[in-house]
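J.: So you can see what is in the structure, the chains are spelled out below.
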Amino acid sequence: MGTTLEPRSKRVARFVRERFPIEKLDAQSMIVKKEVPLHKMSWAYYMGGLALFFLLVQIVTGLLLLFYYQPTVSDAHASVATISEHISGGAWIRNLHAWSASAMILTVIVHLFTTFAMKAFAAPRELTWVSGMSLALLVFAFGFTGYLLPWNQIAVNATKVGLQSVEAIGQYLPGELARWPIYVRETIQGEPSVGQATLSRFFAIHVIVLPLLTVGALGVHLLQVQIHGMSRGVDALKVKTEKFFPFFVIKDLSVWGVAFFVVAVVAMCLPFDAFLPYPLLEPYNPLGSTPDGIKPEWYFFFVYYPLELLPYWAVIAGSTVVGGALFLAPWIFARTTRRTLTVLAVAGALYFVVITLFGHAIYEALKGGTP
Amino acid sequence: MTSALRVFVFLSIAVPGYAHHEFQTFVQAHSGRPVNCAMCHTSADGPEGTGPGQIGSLDELERERLNRARAAFDPSPVVDSPILNDFGNLIVARLGKRRILELRSNPAVLATELGNESDLDRDGIPDAREYLEGTHPLMRHHGAPLSLFAHELRANAFHVVMLGLATIITLYGLISILRGFALKMQAAANAEDH
Chain P
1 MGTTLEPRSK RVARFVRERF PIEKLDAQSM IVKKEVPLHK MSWAYYMGGL
51 ALFFLLVQIV TGLLLLFYYQ PTVSDAHASV ATISEHISGG AWIRNLHAWS
101 ASAMILTVIV HLFTTFAMKA FAAPRELTWV SGMSLALLVF AFGFTGYLLP
151 WNQIAVNATK VGLQSVEAIG QYLPGELARW PIYVRETIQG EPSVGQATLS
201 RFFAIHVIVL PLLTVGALGV HLLQVQIHGM SRGVDALKVK TEKFFPFFVI
251 KDLSVWGVAF FVVAVVAMCL PFDAFLPYPL LEPYNPLGST PDGIKPEWYF
301 FFVYYPLELL PYWAVIAGST VVGGALFLAP WIFARTTRRT LTVLAVAGAL
351 YFVVITLFGH AIYEALKGGT P
Chain F
1 MTSALRVFVF LSIAVPGYAH HEFQTFVQAH SGRPVNCAMC HTSADGPEGT
51 GPGQIGSLDE LERERLNRAR AAFDPSPVVD SPILNDFGNL IVARLGKRRI
101 LELRSNPAVL ATELGNESDL DRDGIPDARE YLEGTHPLMR HHGAPLSLFA
151 HELRANAFHV VMLGLATIIT LYGLISILRG FALKMQAAAN AEDH
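These protein sequence lines map, in sequence, to chains P and F. Last residue of the first sequence: 371 in the working numbering, with the numbers rising by one and none dropped. Last residue of the second sequence: 194 in the working numbering, with the numbers rising by one and none dropped.
For the record, the hints were derived by calculation from the structure and aren't laboratory data. Glycine is no exception: its CB is placed at the ideal position from the N, C-alpha and C atoms.
In silico negatives: residues of chain F with every beta carbon more than 12 Å from chain P: (1) H20; (2) H21; (3) E48; (4) S57; (5) R68; (6) A71; (7) P75; (8) P77; (9) L95; (10) R99; (11) L101; (12) L103; (13) G115; (14) D119; (15) L132; (16) H194.
In silico SDA-like links for lysine to any residue, alpha-carbon gap of 20 Å or less: (17) P/K33 - F/L183; (18) P/K24 - P/F245; (19) P/K33 - P/V239; (20) P/K251 - F/L171; (21) P/K251 - F/Y172; (22) P/K251 - P/H39; (23) F/K184 - P/D26; (24) P/K243 - P/S42; (25) F/K184 - P/S29; (26) P/K295 - P/P311; (27) P/K251 - F/L174; (28) P/K251 - F/S176; (29) P/K238 - P/R339; (30) P/K367 - F/G32; (31) P/K243 - F/L183; (32) F/K184 - P/I31; (33) P/K10 - P/P124; (34) P/K33 - F/A187; (35) P/K33 - P/K238; (36) P/K33 - F/E192; (37) P/K33 - F/D193; (38) P/K251 - F/I177; (39) P/K240 - P/Y46; (40) P/K251 - P/Q226.
Looking at chain P on its own, in the form it has when it is part of the complex (with noise of 0.2 Å):
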């Protein structure tokens, strides 16, 4: 063929000047410009703009929340119920923070699953993707972080749970590294157990490390879909388009407002809280038993349940393998199909779904009782 092996140097460098091409980085060709390819699948090209919408909502929130709460085991608890009893509107923006964390987390995972199924991640979209999982680590990071901070029995009692399944990961690994988990998990958690140390580190990592690391990994994300635009998404050769300025933008804005004004009356009209038995709501009780249907958030279902469910290992080797293919998807699923890779992200979100909506049921069935 005549082809000369390129030297590294210069294979990174060609793939970091596609990647960031400097005749594109103006706005001429990142609005002014840029097409959005209209089919079957286009509302799938909404999903993103509506997680960032949520996730600003959280910033929003988030904010107005940390004028009034207490990050001391000792105060944590009285200083939502402070929020949710005598603040006025706190009760709101409360509910609004965690319904909208909730929609945020699902707005994600669709979004991950429909980008997947239209092989958005092909060249030259490989760092939109990486960035784009990274953001969906980051997400489920907040939650985790952000479920210890009302310092409620659910709330200590599920932390305890998730570090001591982090710790659990390193009898299967070799020699010193079967350390490192322990490493991990004393470094999150900060003192023997879970108390004021996990609480402050918690909280740190909650409203100063993730919202960093976010802004860095959600500028590179955006940045790429803007120099590089949305993928096509669909097979067909030619591929109807309009501007993404302003038609676009007019519409996902509207798909803002709808949001907004759904999560808002939510957020008004049903407490987040109403979902959990009353006895995980009390303040935790450090001499106490441990109460009664301690679970993570719904979000964490589909690797708790099988925690339960199946053998350890399993759901490590089975959660490093997918992690480890959905992040190098570019470049392993590069000459997959769109009709496969569909395939393989409906299955996705049929377990997803399944999981999450009969997870205790299932459990049921196989164990009897509850886990």
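Position chain F relative to chain P; hints supplied.
T.: What follows is chain F alone, placed relative to chain P:
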């Protein structure tokens, strides 16, 4: 010795805290939700012990209140036991302790006898229904989700309408601004072409 005094002495010795687990067991089985003593008692761990709201921690005045409440064998206008919360005191006031003891063998009837008039936390769900559904009758943000949503939607109808109007007006304004920008950009592009 009167019968009331005999019951009082018996209860004071045999069940000093009047923690009636039959009700808790029934509610958990009926509702499928875990519940604890905090539904009726001040302390989530029940009345016995030395923690806050438990018998061992009561001062002299609170012990007097407890003794007065312990004497409420029949329905009475006000019961103010320091080991019971408002819902627990309401149950004793409405039914009297004698009836409560009788209902231990049939805890479902407690809801019927309480009636649907009382809603201590004003969440739109009667206390008796909250008892059956295993939700807390004193927590305004706790109740069966659908009932709570329906009640709050009715209560906040004005806010919901105003929120809808505000959203529509804001969207209209933002979209108009974007259209204005788009027109200006188009005009600038046309001028450049000429």
